[in-house]
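Colleague: Quick note, the sequences are listed as chains A and B, same order. Residues 115 to 255 (our numbering) are what the first sequence spells out, left to right. Residues 291 to 475 (our numbering) are what the second sequence spells out, left to right.
Please keep in mind that the hints were generated in silico from the structure rather than gathered at the bench. Be aware that a few hints might be false.
Computed Cβ-Cβ distance ranges for the label pairs, DEER-style [as the list claims (entries may be wrong)]:
1) B:R359 <-> A:V171: 34 to 42 Å
2) B:G444 <-> A:A162: 44 to 52 Å
3) A:A162 <-> B:R296: 37 to 45 Å
Below, a list of computed lysine-lysine pairs in the DSS-like style, where the Cα atoms sit at most 30 Å apart [said to hold, decoys possible]:
4) A:K147 <-> A:K250
5) A:K147 <-> B:K382
6) B:K378 <-> A:K250
7) B:K354 <-> A:K250
Here a beta-carbon is modelled for each residue, glycine too, at the ideal position from N, C-alpha and C.
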Amino acid sequence: MSVDEFDPAIERLFARAPSFPDSAQFEAALAAKLNTSSRFRTMALSVAGLVGGVIAVREVLNVDFNFASSAVSASAGSQAAPQGLSMAGVDAAQAAQSLLDRLGLTGLDMSAMGGMQMFWATAGVLVALLAAGVVKLSQEI
Amino acid sequence: MAKPLRDLHDVELAALSAAGGRREFGELVRRHSPAVRGLLRRMGAQAALADDVAQDAFLLAFEKCAEFRGEGTFGAWIKRIAARLYLKRRSKDARYVAEIENDEVAPSVDSAGRMDLDEAMKGLTEPERLCVSLCHGAGLSHPEIAAAINLPLGTVKSHVKRGLDKLRARLQPEPVAHGSASHVG
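Construct all of the structure, not just a fragment, from the sequences and the given hints.
Modeller: This is the structure:
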């Protein structure tokens, strides 16, 4: 057997899987481990979702959105609809700023952006976060 | 009517497993676990450790099934996962290849002077066995092996070459003594 012939031969030997008499036990043990890890993951995801939800609700309740006053001023006044939206955007910026203040990021000045820009940027970020969360959750489950 | 699991290709089974199919993944385990368990033993793992690492490899594969796109075979993919897990486990034990004692075990041969691959592998030093099985069993390239076991590339190549030379010598049947039968009678 030459050297050239040998390597394919050894490849074939390595490719040939040995047989194990306890294959069924191995598969059963693996299935049990798989079930355990799946149960643990489901539980961990549920707990994490619950905790995250509670924190999110608490934060939303603590942030002063003050949308009501802007809506009143927008409808009661003689301003056009785009101006009302602009006011809502400014309020969203104020809400985001107050959230940043609570997180200790007071240095970040949100008021530098235009009202409409801020409104759409905030909405975009929220939608992106929501989509990312849904995708991640669907992959995990 | 759905095809029976045994008629499905590995790529189809992997795709179904990625969607959470346990039965489909079970079929993949049935098909490939002997090869993975065999590889780990050839790399030098004791039976219990080999099975433990093989199970962890399959658990990891189930989680990452969506990443298997069918570029290579599923068997090669899972063997690479298992080999890397075993190396990680070894490095946790702080037993690096360079520190392993190079004891060779005398392999046993059959009546015709031949031995099977597993027996022949026992005649290699542990670094040789590891490098040869990573190269030919798990399909890693020499640079990948060097990176995985933290050895210089030249050393890995030497281990593979020496290991193959030894296997080549051991897997060939012993030459039959001339004339021993013809002189009888």
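Colleague: Compare the structure with each hint and give your call.
Modeller: Comparing the hints with the structure gives:
1. B:R359 <-> A:V171: 34 to 42 Å: holds (40 Å)
2. B:G444 <-> A:A162: 44 to 52 Å: holds (49 Å)
3. A:A162 <-> B:R296: 37 to 45 Å: Holds: the Cβ-Cβ distance is about 39 Å, inside 37 to 45 Å.
4. A:K147 <-> A:K250: holds (23 Å)
5. A:K147 <-> B:K382: holds (22 Å)
6. B:K378 <-> A:K250: Given that 30 Å is the threshold and the Cα spacing comes to 28 Å, the pair holds.
7. B:K354 <-> A:K250: Within the cut-off at roughly 14 Å; holds.
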